[in-house]
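Q: If you're matching them up, the sequences are chains P and Z in order.
Going by my numbering, the first residue of the first sequence is number 1, and it counts up by one from there.
Going by my numbering, the first residue of the second sequence is number 1001, and it counts up by one from there.
Rather than coming from a laboratory, the hints here were simulated on the basis of the structure.
Quick caveat, the model's predicted, so the values are computed rather than measured.
Every residue, glycine too, gets a C-beta built ideally from N, C-alpha and C.
Among the clues, some could well be false.
The calculated label-pair distances, taken between Cβ atoms and stated as ranges, are [to be verified]:
1) Z:Arg1239 <-> P:Phe220: 48 to 58 Å
2) P:Gly78 <-> Z:Leu1210: 52 to 62 Å
3) P:Gly255 <-> Z:Val1128: 29 to 39 Å
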Amino acid sequence: MAGTTLDGPFIAPSSSPVARSWRRYRAGIFFVLPALILYLLFMVYPFFRSIYFSLTSWNGVTAVKEWVGLANYRELIGDRLFWLSLQHTIIWVIVGTIAPIVIGMLLAILLWRRPKGFTLFRTFFFMPQVLSTVVIGIVWNWIYNPIFGILNEALDAVGLEDISRGWLGDPDVALYAVLVAAIWATIGFVFVILLAGLQNVSKDLLEAATIDGANVWQRFWNVTVPQLAGVLNVVIALLLIGGFSVFDVVFVMTGGGPANATEVLATYTYKEAFTQNNVGYASALAVVITVISLIASVTFIRLRERQEA
Amino acid sequence: MAVTSAAREPFASTPAASRGFNLGRLAGRGVTYVILIAFLVIFLLPFIWIWSSAFKTSQEIGRNPFALPTELRWENLVEAWTVGHFSEYMLNSAIYCAAIVAGSVALACLAGYGLSMLPLPGRDSVLVLFLLGLTVPFQSVMIPMYYLLRDLNILETYWAFILPGIAIRLPFGIFLMRGFFRGLPPELGDAARTDGANEWGVFRQVMLPLSWPGLATLIVFQFMWAWNEFAMPLIFVQRDELRPVSLGTMFFFGRFTADRGMIAAGVTISMIPVIILYLLLQRRFIEGITAGALKS
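Please model the entire structure based on the sequences and the hints provided.
A: In C-alpha cells form, the structure reads like this:
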C-alpha cells in the first residue's frame, strides 16, 4: 500500500486520461473556441451550403429546395453571358496583374535609393489604397465623364479630341476604363510590397555587376528580379485571387454595363442571386469563382513552397 | 538610420565612377524625378480636383476644373452632411467599425495566441481551416450567408454586417497575431507559470502587453476594412438608415448626380476619416501591408 500511496496522484480518479487531457487542453480550447464558433457558423457552414444550393433549383422563397444535380452547371456551359463574364474576368486578371506590377516595380526601383522626397512620394503613391472602392469609382466616374471629365478635357487640350468619348458608356472601351481605375488604386499596394522586398536585394551583387559592365537593364533583369522572385510570387498570387473575384469597382462604376460590356463573374453572380432570385444558378456561379480562385491560390502556395525549398 | 545611409548610395565609390559617368548619373536623376513627379500628379490630381470641387458651385466646376474655388463655400459640405444623410452614414460607420474592430481583434488575438502558444488537439487542422479563409472569395459564402442572416432574423439590422464582418476578418487577424506571438520567447510565460499564474494570467499580464505593436497594426487594418467594405452592407443592409458611409456614398451619388458640388462634398466627407488616419499612422499602414503579404 505504501507504494500505491506514492503513486497516488497518477491513479487518482480525477486523473483519468480524459480529465488529464481536459486539463492539458482546456486553456487552448478556451482561447480558440469563440473565434472558431463564429467562423464555423458564418464562413465554413455557408461555404458548404453554397455547394449544396448549386445542386438545387431554389429561388430563395420556397420552403423546399428541389434537387437538380448538375443541371445548373450544364446550363452554365450553354450560357453566353457566363462565357462573356468569364472572358472579361480573365482579361481583368491578366491586365490587372501585369500593369500594377510593371508600374509598381518602376516606382519601387526609382525610390529604392531613398532620394529626396522619398516619404512624400511613398505617402501619395500609396494613398488610393486606403480609400473605399466607392470613392475610387466615383472619382473615376467623374474623370471619364463625357461632359465635364478631365480626361476628355486633357485630350482636347493636346489635340486628340477624336478619341474623347463617354468612356464608361462605350462598350468597346468600358472594361478597360474600369480596369485603369482599378490599376490606379492597386499600384500603391504593389509598390509598397516591392519596395520592402528591394531592401533585401544584395547591393554588393549589383555593384559587382556594374563593375563587370552590366547595363541598367541587365542589372535589373539578371540581378534584381531573381532576388525578388519570392516577393513577386506573393504579389502575383494576391492580385490573381483578388482579380478573379473582382466586384466592387465594377459594380460601382458600370454595374456590369453597358450591354454587359463590363460584366464579370462576380457581378453576374450578384445579379442572378439578388435581383433575379436564381439562387441555385447563382450558387453554381459562386462555386465556379471559388474553384478558379482556389486553383490560383494553390498555384501560389506551390510557388511559395518551391521558393522556400 | 545608419543602415539606410548605407542603402542610400548602393552604386557609390566604385572605381568606375569617372567624371563622365557622374554626368550620366545626374541626367539619370533628372529622369527619375520627372517620372516620379508625373506619377505624383497622376495620384494627386483626382483628389485635388474633388476636394476643390467640394467648395464650388456646379457652374464653377464646369468652367475650369482646376481653378481654385473663388471662395470657400461650405454649403455643399453642410448640405451633404444634413440633406445627404452623411451625418447618419458616419454614425452608422462608427458603430459598425467599433463593433467589427473590437470583435475581430479580440477573437483573433485570443485564437492567434491559443494557436501559437498553447497545446491543442488538432491545432494544425484548425489553423489550416482558418488560413483557408484567406483564399476564399466573398462570393463563395455570400448567398448562404444572406439566407442564414434571414433565418436568424437579423437581416436589415446592424448585426447583419457586424457578425459576418467579424467572421470574415478572423483569418487575417489570426494569421497576423499568430505570427506576432510566435516571435515572442515562450520562456517569458514559463517564468510567470512557475510563479503560479494560470494561462489566462500569462496571456493577460505577460504576452498581451508585449503584443501591442502587432495589435495596433491589426486594429488599423480591421478599421480600414470595416470603413471601406462595400459588398456586405450592400447585400445584407438595404435600409438607408442603417447604411455605412461607403454604401451611403454610392446611393448619394445616384440621388444627386446633377449637383456636382454636392457629390464632391459627399465624396470628400466619406474619405476624410481614413485619409486623416492614414496620414497620422502612415508607417503602421505600410508595415501592416508588408507584414500581411510577406511574413508567414
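Q: So, for every hint listed, does it hold in this structure?
A: Status of each hint after checking the structure:
| no. | hint | in the structure |
| --- | --- | --- |
| 1 | Z:Arg1239 <-> P:Phe220: 48 to 58 Å | 54 Å, holds |
| 2 | P:Gly78 <-> Z:Leu1210: 52 to 62 Å | 59 Å, holds |
| 3 | P:Gly255 <-> Z:Val1128: 29 to 39 Å | 37 Å, holds |
This entry satisfies every hint, going by the numbered hints stated previously.
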